[in-house]
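Chemist: Each chain, letter by letter, is given below.
There are 2 protein chains.
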Amino acid sequence: MASPDAAVQVSSVTYQQLADIESDFDDINTQLLIQQAVSERSLYERRASLLRKITGFWPLVLEQAPPEIDQYIQPGDAAVLGNFLEDIEVTRFEIGDSVSSKDNGEPRSFAIRFTFAENDVFEDRVLEKRFWYRHAPVKEAEEGDKKKDDVAESWSGIVSEPVAIKWKKDKDLTGGLLDLAVKVYQEGEKSASVAALIEQLEKTALGGISFFAWFGYVGRRVSAEESKAAETLKREQRAGRAAKEAKGETEEAEDDEDEDEDMIEDVDDSYEYEIFGDGDIVALAFAEDLWPNAIKYFRQAQEEETLSDLEFEDMDEDDDEDEDDEGGDEGDAAIAPPSKKQRK
Amino acid sequence: MASPDAAVQVSSVTYQQLADIESDFDDINTQLLIQQAVSERSLYERRASLLRKITGFWPLVLEQAPPEIDQYIQPGDAAVLGNFLEDIEVTRFEIGDSVSSKDNGEPRSFAIRFTFAENDVFEDRVLEKRFWYRHAPVKEAEEGDKKKDDVAESWSGIVSEPVAIKWKKDKDLTGGLLDLAVKVYQEGEKSASVAALIEQLEKTALGGISFFAWFGYVGRRVSAEESKAAETLKREQRAGRAAKEAKGETEEAEDDEDEDEDMIEDVDDSYEYEIFGDGDIVALAFAEDLWPNAIKYFRQAQEEETLSDLEFEDMDEDDDEDEDDEGGDEGDAAIAPPSKKQRK
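For the record, the sequence lines run as chains A and B.
Just so we're aligned, residue 1 is where the first sequence starts under UniProt numbering, counting upward by one.
Just so we're aligned, residue 1 is where the second sequence starts under UniProt numbering, counting upward by one.
FYI, nobody ran anything at the bench for these hints, they're computed from the structure.
All of these numbers come straight from a predicted model, not from anything done at the bench.
The C-beta atom is built at its ideal place from N, Cα and C for all residues, glycine as well.
Any given hint could turn out to be false.
Unchecked claim - Derived DSS-like pairs (lysine-lysine); straight-line CA-CA distance at most 30 angstroms:
#1 B/LYS53 with A/LYS244
#2 A/LYS53 with A/LYS296
#3 A/LYS53 with B/LYS234
#4 A/LYS234 with B/LYS296
#5 B/LYS183 with B/LYS169
#6 A/LYS234 with B/LYS53
#7 B/LYS228 with B/LYS203
#8 A/LYS228 with A/LYS190
#9 B/LYS166 with A/LYS244
#10 A/LYS234 with A/LYS102
#11 B/LYS183 with A/LYS53
#12 A/LYS53 with B/LYS228
As the list claims (entries may be wrong) - Derived, one-sided and incomplete: chain B residues facing chain A with beta-carbon distance under 8 angstroms:
#13 TYR15
#14 GLN17
#15 GLU22
#16 PHE25
#17 LEU32
#18 ARG47
#19 THR91
#20 LEU173
#21 VAL194
#22 ALA334
Given only the sequences and the hints, what does the whole structure look like? Please build it.
Modeler: Structural data, given as structure tokens:
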């Protein structure tokens, strides 16, 4: 409840000024992310060559996956990932080898590349999904419209394109959903596949969707050109406001006591035929958590395994030295490969 | 449960190698954090001068505080923070104005400074608490001990010193706990205040401790000298291993089938007379979340307030225009000061 004098002391600061400050922080952050991508690259390569020597590294890491990922791994997915996943690699493909390169693009765009051993589920040895960081077009305002200066709180985030998987006969873990998503995306919204996709989506039980349907994620439909134009426009407007402010022409803060009805809601422009709604969340969990913290997750997995081995021994009342011991925390200890066990 | 052939294919990678890779990432991260502190500083100053014009900015932000902080704010604390808190400022005090300065220290050390209006609870207008990022000493290993090469997974984190508050008569929100904590810290563990502190701690109901007791947080007792020595030692050992590896003298990975008993547990060296166990978590929530995301939290608070105003109007069936309207999302809208309301 508002206090009686709330309307009296109106501040001279506008929401737009706060949003502009946040955009300035974003700009700094972009530079830091480019710096990070460049300076970490060779170390990630060194890490990769080390990790490749550890049998079952990535399957073990996935066992400890953060909930954003873990909740989507069905038993059928776990069998494939646990037995055949050989490597995961995240690359910031718009960033080159130098911080100052003019060719550097968006450091928030990334690709996730999964390498698999030959298996009986799909033909592919490599599945790579790309995510582009895009800015949604700023909505056109009517001329003279008061809303022209609305805070540009327009959407920015990652988008993708469906990636097909060459399923072996009768092995499609998504029940045809991914194939249909690829088709609809390619053939357009008027294709005959739309009805089939909708039907298949309805058939797929809630929560029972395969992790591999994630390869079909699209997100908002914002093209590279639209994104570029939106970014340029926002940047120009911001520069204009900054120039005005520098000249002391701060726009008078207007009081808008009765304009609640005019509040602009962020329209949900998400792709209509999305088969994996949380695709961006899963992607970010890979790129910003599982991938950078892989060694930490691996260590957790090993500790858990050691514990459950000990428990097992206790239950068994078997006092013999266990020859499959996973090793302790000894620094010079070799890393034992994971025991194969079924995901809960 | 381990598979039968688990012990056979022993990997050639050691835990130490993984830990060293992580330390290399830490080094890069340190550089990036220095860069960030330097490049964001003037923008934070610009933000501060803008925020100071918004009445009740920080109290509103605190209403939306992340759970790590929010859970410790008791009704009595909320009254003080809501009515008298004027400013919050986080500084990385070991970092200067240049990325390349030789004087730059640890970018993970920081100070949190609270500025209050004159109030009837304490004399202080400024309460500042400093946190130093320190490395715990590596435990001495017996000579010839196999554990000499143990993975140096020793503790690193932030520590602090108790900050006294000049309570006005009968207004101490911590019931004397903070004063005692300061005394014990200053007078040492053999002082007469220890018994009083323990007694007072027992009296303080679980979960009912005031947020202001956080100013008494100490954390691990690691001096700047000990930390420096530990860091240097770890760095030298790491460099030694890297040099060996470069010469191809990779230490043979040893099998340690029956050494589980020798596993080194991380000893909990936390300060014995801690009055606020989660002090580091609260501090990091301020420095890494509430402070950088303050504008986001402020916007959330305003939205929530608008919503509850609308609800109130509905309940009231009052069709008059509400004169205390908080303003919509209009960019040119002035920011109305918060209505004063009691924290739930």
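Chemist: All hints, please: hold or fail.
Modeler: Now for the hints, and whether the structure bears them out:
1. Under the criterion of a C-alpha separation no larger than 30 angstroms, the hint pairing B/LYS53 with A/LYS244 is consistent with the structure, at around 19 angstroms.
2. Our distance criterion of 30 angstroms between C-alpha atoms is met by A/LYS53 and A/LYS296, whose separation comes to about 17 angstroms.
3. For the given pair, A/LYS53 sits about 25 angstroms from B/LYS234 by alpha-carbon distance, which is consistent with the 30 angstroms threshold.
4. The straight-line distance between the Cα atoms of A/LYS234 and B/LYS296 is roughly 19 angstroms, inside the 30 angstroms bound, and the hint therefore holds.
5. For the hint linking B/LYS183 to B/LYS169, the alpha-carbon distance of about 19 angstroms falls within 30 angstroms, and the restraint holds.
6. Using a Cα cut-off of 30 angstroms, the hinted pair A/LYS234 and B/LYS53 holds, with the two alpha carbons roughly 25 angstroms apart.
7. Distance restraint check for B/LYS228 and B/LYS203: the Cα-Cα separation of roughly 38 angstroms exceeds the 30 angstroms cut-off, and the hinted pair is therefore not satisfied.
8. Distance check on the hinted pair: A/LYS228 and A/LYS190 sit about 28 angstroms apart at the alpha-carbon level, within 30 angstroms; holds.
9. As the CA atoms of B/LYS166 and A/LYS244 are separated by approximately 46 angstroms, the hinted pair breaks the 30 angstroms bound.
10. Restraint check: the Cα-Cα separation between A/LYS234 and A/LYS102 comes to about 21 angstroms, which is no more than 30 angstroms; the hinted pair holds.
11. Between B/LYS183 and A/LYS53, the direct Cα distance comes to roughly 55 angstroms. Violation of the 30 angstroms bound is thereby established for this hinted pair.
12. With a CA separation close to 34 angstroms, the supplied pair A/LYS53 and B/LYS228 exceeds the 30 angstroms bound.
13. Because the beta carbon of B/TYR15 sits about 6 angstroms from the nearest beta carbon in chain A, less than 8 angstroms, this interface hint is met.
14. The beta carbon of B/GLN17 comes within 6 angstroms of a beta carbon in chain A, closer than 8 angstroms, and the hint placing it at the interface holds.
15. For B/GLU22, the interface hint holds, the least distance from its beta-carbon to any beta-carbon of chain A being 6 angstroms, beneath 8 angstroms.
16. Look at B/PHE25: its Cβ gets to within about 6 angstroms of chain A, closer than 8 angstroms, so that hint holds up.
17. Satisfaction of the interface hint for B/LEU32 is found here, the shortest Cβ-Cβ separation to chain A being roughly 6 angstroms, below the 8 angstroms cut-off.
18. Because the smallest distance between the Cβ of B/ARG47 and any Cβ of chain A comes to about 5 angstroms, under 8 angstroms, the interface hint for this residue holds.
19. Evaluation of the B/THR91 hint against chain A yields a violated restraint, the C-beta minimum of about 17 angstroms exceeding 8 angstroms.
20. With a cut of 8 angstroms, the hint placing B/LEU173 at the interface with chain A is violated, because the nearest CB-to-CB distance is about 24 angstroms.
21. With a cut of 8 angstroms, the hint placing B/VAL194 at the interface with chain A is violated, because the nearest CB-to-CB distance is about 35 angstroms.
22. About 3 angstroms separates the beta-carbon of B/ALA334 from the nearest beta-carbon of chain A, less than 8 angstroms, and the hint is met.
Hints 7, 9, 11, 12, 19, 20, 21 from the earlier list are contradicted by this structure; the remaining hints agree with it.
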